[in-house]
Amino acid sequence: MKILVCVSNVPDTTTKITFTDNNTQFNTNGVQFILNPYDEIALARAIELTDGGKGTVTVINVGEANTEATIRKALAIGATDAVRINAKPHDAWYVAYQIAQYVKANPFDLILTGRESIDYNGSKVAGMLGELLDLPSVSIIKKLDAGDNEATVEREIEGGKEVLTIPYPFVAGTAEGVAEPKIPNMRGIMSARTKPLAVVEPVDVKTFSEIIGYETPAPRGQVKLVPADDTAKLVELLHAEARVI
Amino acid sequence: MSVLIYAENAGGKFKKSIFEAVSYARAIADQSNTSVTAVSIGNVDATELALLGKYGADKVLNVSGDKLKDFVNQAYASVIAEAAKKEGSAVVVLSNTFSGRGLAPRVGVKLEAGVADGAVALPEQAGGSFKVKKTAFSGKAFATVELTAAIKVIALVPNSYKVVETGGTAQVEDFNVEPKASDFKAMIKEIVRSTDKVSLPDAEIVVSGGRGLKGPENWGMIEELAELLGAATACSKPVSDAGWRPHSEHVGQTGIAVSPNLYIAVGISGAIQHLAGVSSSKVIVVINKDPEAPFFKVADYGIVGDAFEVLPKLIAAVKEYKASA
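The listed protein sequences derive, respectively, from chains E and F.
So in my numbering, spot 173 of the first sequence is number 173, and the numbers just go up one at a time.
So in my numbering, spot 125 of the second sequence is number 125, and the numbers just go up one at a time.
Worth flagging that the hints you see were computed from the coordinates, not collected in a lab.
Cβ coordinates follow ideal geometry from the N, Cα and C atoms, glycine included.
Do not take every clue at face value.
[What the hints assert, rightly or not] Lysine-lysine pairs mimicking DSSO-like chemistry, simulated, CA-CA at most 30 Å apart: (1) F:Lys-69 / F:Lys-131; (2) E:Lys-224 / F:Lys-131; (3) E:Lys-16 / F:Lys-289; (4) E:Lys-16 / F:Lys-59; (5) E:Lys-206 / F:Lys-289; (6) E:Lys-224 / F:Lys-59; (7) E:Lys-142 / F:Lys-59.
[Unchecked claim] Interface residues of chain E toward chain F, partial, derived using beta-carbon atoms under 7 Å: (8) Thr-14; (9) Lys-124; (10) Gly-159; (11) Leu-164; (12) Lys-182; (13) Gln-222; (14) Val-226.
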C-alpha cells in the first residue's frame, strides 16, 4: 500500500500567540515550529499500516525551505520519503490544489491529513483534496482499520460515532484515537538525513481567501473568588449575575 | 441570489446549532436584501421542516429518499452545490459540526468559492469586500479572512450566534437531485448516537474534570453535576491520555474547542493548551485547590478548594437551587 501523509509546520502548542504590523502578521519571533500534532497521528498510523514491508509512506508538505526540519522529523519517525512543494501555504485551497497536482501524477492508495492544523484550524485540506481528485473523503476519524480493498473507519459525530467502509483510494483526516504518536529513535534520526526529500516547484493557481488581520480574545476581568464552604453563593452568582443557569 | 443554508439533521431532528445557522443566514440575507433558502437532506418530517421558517428561512428545499437518508459526505456535497446553483446563491452557510466541516471544503471546491470555516461572527460587507472573523490558533486568537471569490462558503461555530425567531413561515418544496454513482463509494455500516447524554460540541454548559480528580472512579461527581445542570462532561488532555475518559471528551488545543455559556473546570490547572480550547466560553468557573493555578487568571468565578470537598457541596447547592426555582 502506498500512503501519502500531508503534513504542516505549525507553532508549538505552548506558543503564546502575538501579532505584529498592526495585528496583520503572526509574530514568529522566538516561536518554535513543530510537526502538526494531528499529522503526527496520521503519520503514526500510516507507519503501522505499512510496517514489515507492506508498503511505503510518503510525506508531503507545501512550504518554504524553513519547513525542512519538520519534514526531516517526519522521516525520522519513519516515513519512507518526502516531497516539499516549494511555496508559501497561502490557504487551504492553495495547499490542496498543489498536493492534488502531485497526486494526479503520482497516485496513492490512501491519503491522510491531520483533522486540522493547529494554526488556522481549517480542516479543509482533506475535503478539498477529495473533491479535486474526485475521491471519497472523511473529515475527522477516530479509528482506521485497513482491509485489502477497503478500509473501515470510525467518524466522530455530535454525541456519537459513525462506522463507514470506504474503498481505496480515499482521503481521511485523522484525530486522536487513530494511533499514538511515535517518537523517533536514534536510528530513525540518523537515517532521516539521507532519506529522499524531493523539492517540487508549485503550479500557478488563483486563491480565494486572504487573512487580513488578527485579534486576541478580550481579556476577562479579575476572577471573583467564592469561599469553598459557600457553594450556594456561587450558584446564586451564576444565576443572578452571570445569568448562565 | 438567496443565501443558502444547509440544515443538517440528526436522526430527523434539527439541533439548536442549525437554528443558529438559519438565523445567521437570515442576517446575511438582510445585509444584502435577499432571501434565505434552506436545504434539508434525508428524511425529515413536515413539522420539523416548518421550524426552519420560524428562524428565518423563506424557502426549504427538501431532498429525501432512501439513497440520501444517511450522510455521505461526497453525495451530500453534490446536493448542496446543486441547490446553491439552482438558487444562484452567492453565500452558502453550514454549521461547523463534524459533518459540516467535511462538507464545507467540498462544496467550496465545487463552487470555486472562498471558504471560511470556524466563523464566529456575521460577515462585514462593504464596497464589495466580504470579511469573516474566524477562530485561529486553536482558540488563542481570531483571524479576519477576506473571501475574494464570487461565492462564499461559511461554516458557523455552534453557540457563537444567537437564535432569532422571526415567526415567519417557509414554503417547502421537494428538490430532486441524483448525485453520480461514484459519490456513494463510502458506505455507512453503523450509526451510534447516545441519546441520554448532552453532546459536548452542542452543550451550553460543560463540566470538565482534570487530574485533580485522581482517577476515573471519581467521575461520578462530575457526571452528577453535569446531569443536574443539563451539561456535557469533558476532561483535560492528561485525563484522556491516561484512558480515564474517552478522547472525544478531551477539550483543548489538540482536542476539541468548545464555546459554551458556562464552563466549569474542576481540578484542571489550566495549561496554555487547555485554555486555548475553552477561551471562547462565555463564563468560566474554576475549582482548584492550588490558588496559583493559571486557570484562575482567565476565570470569571473561582473556588480555591479541594474538588472532593467542594463538588459534593456544589452538587447540594445546585439541587437546592433547582428545588426552589
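Verification of the hints:
1. F:Lys-69 / F:Lys-131: 35 Å, violated
2. E:Lys-224 / F:Lys-131: Between E:Lys-224 and F:Lys-131 the Cα gap is close to 36 Å, so the pair fails against 30 Å, i.e. violated.
3. E:Lys-16 / F:Lys-289: 25 Å, holds
4. E:Lys-16 / F:Lys-59: Violated. E:Lys-16 to F:Lys-59 sits at ~46 Å, over the 30 Å cutoff.
5. E:Lys-206 / F:Lys-289: 54 Å, violated
6. E:Lys-224 / F:Lys-59: 47 Å, violated
7. E:Lys-142 / F:Lys-59: 37 Å, violated
8. Thr-14: 6 Å, holds
9. Lys-124: At 4 Å from the nearest chain F Cβ, E:Lys-124 passes the 7 Å test, so the hint holds.
10. Gly-159: 3 Å, holds
11. Leu-164: With Cβ-Cβ at 5 Å, under 7 Å, it holds.
12. Lys-182: 15 Å, violated
13. Gln-222: 9 Å, violated
14. Val-226: 5 Å, holds
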